[in-house]
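Participant: Take a look at the letters that make up each chain.
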Amino acid sequence: MRSRTALSLATITVVVLTGCGRSDDGAGGEEQSEEIGAGKASGTIEVWAMGTEGEVLGDFVAGFEEENPDADVEVTAIPWEAAHDKIANAITAGETPDVSLIGTTWMGEFAEAGGLMPTPEGLVDEADFFPGAWESTEVGGTSYGVPWYVETRVLYYRTDLAAKAGWDEAPQTWDELRQFAEDLQTKGGAEHGLSLQPGQTGSWQTMLPFAWSNGASLTNDEGTEYTIDSPEMTEALDHYTSYFADEVSQTRVLDPGELESGFADGVFGSFISGPWHTGLVEDAGVGADQYAVAPLPGPDGAPGTSFVGGGDLAVFEDSDNADSAWKLVQWLSEPETQQAFYDEVGDLPAVQAAWETGELAEDPQLQVFGAQLEEAQSPPAVPTWEQVAAAIDALVEQAAKGTTDPEDAVKQMQSEAASIGTGL
Amino acid sequence: MAAVSTTPTGTGRPVRPRRSRHVDPTRRSQAIAAWVLALPFVVLFLVFTAGPVLASLGMSFTDLRSTDVRDPFAVEVVGLGNYADLVQDPLFLKVTRNTLLYLLLGVPLTMAVALAAAVGLNRVTRLRGFFRVGFYLPVVTSIVAVSVVWKFLLRERGGLLTTAAGWVGLDVPGLLDSTTWALPTLVVMAVWRNFGTLMVVFLAGLQTVPREQLEAAEVDGASAWSRFRHITLPTLRPTLLFGAVITGIGYLQFFEEAFVMTKGGPLDSTRSVTFFTYDQFGFGNYGYAAAASYLLFLAIVLLTFVQFRVLREKD
Amino acid sequence: MATTTEAPPTPTQPDPPGPPRPRRDDDTRTTPRWLYAVLSVGLLVTAVPFAWMLVSSFKPERELRAVPPTFWPEDVTLANYESLFTRLDFPTYFLNSALVAIAVTVGNLVFCSMLGYALAKLDFPGKRVVFGLVLGTLMVPGVVTFVPLFVLTTNIGLTNTLPGMILPFLAGPFGVFLMRQFILSLPDELIQAARVDGAGELRIFVSVILPLCGPALATLGVLTFLTSWNNFLWPLVVATSEDKYTLPVALALYSVGQNATQYGLLLAGAVVVVIPVIAVFLVLQRHIMQGIAMTGIK
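Residue numbers (the working numbering), protein chains in the order written: chain A, 1 to 424; chain B, 1 to 315; chain C, 1 to 298.
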């Protein structure tokens, strides 16, 4: 490992002179790792986890250490801010821990870089997880980790304003959604019926669900080529941007806190966001009986498809205790552990069985998220995704502000994505 | 770097009248002393800077991506390909234009405000330390607090600026949401945030202004402006040059204000070259990002060269 | 650090006769009132965000997210600070930060003034090359050398060590350039006089030049300390275990989440981290304004 890191610095320069060629040995088509041994975990397992997950995990794994007395789990909490850079640098220099929490949209890059180990055969059963969450681990047909926790985007709306506007249940189709938002505005008294993100970083997470719901797919089935330019995509972007054209949604990016306080003050009648917003809107003074969440509507009455994000657990190629590391990952994926972790930090479990009992099975609000998770997708797990996403964000902004019409915007998304490539 | 080493680096000392062929013992001992003094920097430079700079320069001629770092032999050498792509990348051209605007607006404003503050503080006798700390506060205030307060000031609805302008009948739009006004607004914010550093530097420089000369000139009836122009400014010249170079580099590498306030928007109107580079690094396009960095480096070299010319150190 | 305000005695340049030099506070008569007015307005403009940061760190999260923001807290709470201090191992992080920042600051003061003097006042072969390197290093955008520098640091075994956080920043080009420019404006006659007296070159640096560099050293000290103290990304990447985290790294742990930010923690952290910076500024600032006695020259 040393020799490789020693080399990389010099070689970056040397390579200019020697001109070695790019070989095609990417993540695609790699075999899953061999099954892990049957015995108990042992030795030190170094784990990186971000933020709150990192804070509580150290104590949380006591159960694992009890079951595996020879194993010692050492958790290092790292800040979410710059976690991507830290992991990327660690992979570059070969100084990784054994296991890390990985943001779902980083999987493609780290796997293609050769930093992550393919998931061992038979470690977990793919069918136990929400399908969209599992997709986030699959890079070029090989799985490189296990989903740990998930989040998905749903429709938040003010029930009192909706009632005033004559709606006692959530919209079921796009036309209804549009009417619902207009009614919240005209009859419910909201300034903007539905707040959507008018482009800029992360707006694809709100916009793409419309496209997915409409049957659009960003890549072909093999994930080798982008297929963004489709009538379904154009139609979805057209629908999305219509909210801005008619001021049903605001056209500027909101400041932190503005959405929640605006929701509380009735400035915004509804918006689309993830589970963390339940706490935020209630903090902002929205009574629990004043608002509700609902699954995203599809275009024609079928359930809409949302975005699924969250975190995966992956074991690094450079791990010298991979067998035990995978055992820890396996333990964290057991339904009981998942449920216990939800109780501890409130992260939604990626394992469906964990939703069958307790609060997760009974709370109606959580049930909405649970149902939406079954109809949710991840973006393509390709190494270049962040760049493609930025291109989509920029064009969503242009379309939302009316400087590019949706059809041209979609064409440009396709041509930019095609020139960026999948990176596999 | 060649361009830099040929810049006039006048040492401020007169040309020695005697430049004979035999080695002057003073010159020799000076040379030895100078290299002893230079040694720590040079060693640290060779260990920690030279390698990474060369490596990153090499990177800029390849298509290295973050996914190649474990196997750097497997990249293609693209020669000047990244550079050629950059100058044709419409976004890069746009961020270049933005960066030039940041530079042209920001440097004179920051210099002027910092110098005015320093000269003002230098004249004040009471509460001097109080003002000094106060003017330095923006430098140390958390960027998060700064952004919250500035956004509140600039917000379209209910913002202080819009409200105040409304009192005098002006209709000020949301400055940060305007493709025209967002950039100048960020410049004003950057000036506010950064002049404190330069002010401190100028204050130190002002201490070298010979007090006796100022007093003598005052006795001779020279006006305050004339004293400033003919005594203070010339003495301050090296410090001003330093300020101009540092501020120029700062604005050519403009990033943080745009990052927290506008994320480069609206419609990329506040995105800078460094922002672009940061994004490209984030996307994992190390080769392309390095090339963009070195184009920026060239721009900085050029600017510094001009600044050394204009503010030439005189003997 | 030079704290004297007197020039070292130089026998060929005796102090001029006459009344003692006026103290610098003596010229009160020349400070017009309008200047105070202007400066006060300026102070208001520069201090308000800082004041907001300070005051708001005592607000509950709910109030911090209120739009429009409040200035005075409606509910004063210590919760943000309690949360910080109970969740973080403060002494460790503070010590790491202080060690790194102090080492970097001292290193810069020593090494930058050394080279700065050589570049400003000495003649030597390779001078232009060295100055070119200094300026060149100053100009290379840091983001571009980050990855190779990290690979290098790993390679020489400095990851997860404090020296790994210190050494790359021990002699910055900024400091060299600053010191060079400042020393340039000191009169050559001082040095020539000392040479005539037979002082060696290094001796001249230590006992003639350094004592006059108080303002520049204080300035460099303040600026270097601030930069090093606030450095976030490098210590984060170099430290692979929490016991090597510096304060800014630790403070970022729980304030910024994957999808939401805890503004209370963020602001309380910002206040905690700014206190030492202000302290250093307060200690060093009087030296920035230290009058340099160069009586009798020119």
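It should be emphasised that the hints constitute simulated quantities derived from the structure, not laboratory data. Just so it is clear, the structure is predicted and the values come from calculations on it, not from any experiment. You may find that some hints are simply not true.
In silico contact screen, one side only, chain A against chain C (beta carbon under 7 Å); selected entries [what the hints assert, rightly or not]:
id : residue
1  : G51
2  : T76
3  : W80
4  : W167
5  : E258
6  : S261
7  : D283
Backbone N, C-alpha and C define an ideal beta-carbon position, used for all residues, glycine too.
Participant: Each hint needs a verdict: does it hold in this structure or not?
Facilitator: How the hints compare with the structure:
| no. | hint | verdict |
| --- | --- | --- |
| 1 | G51 | holds (5 Å) |
| 2 | T76 | holds (5 Å) |
| 3 | W80 | holds (5 Å) |
| 4 | W167 | violated (26 Å) |
| 5 | E258 | holds (5 Å) |
| 6 | S261 | holds (4 Å) |
| 7 | D283 | holds (4 Å) |
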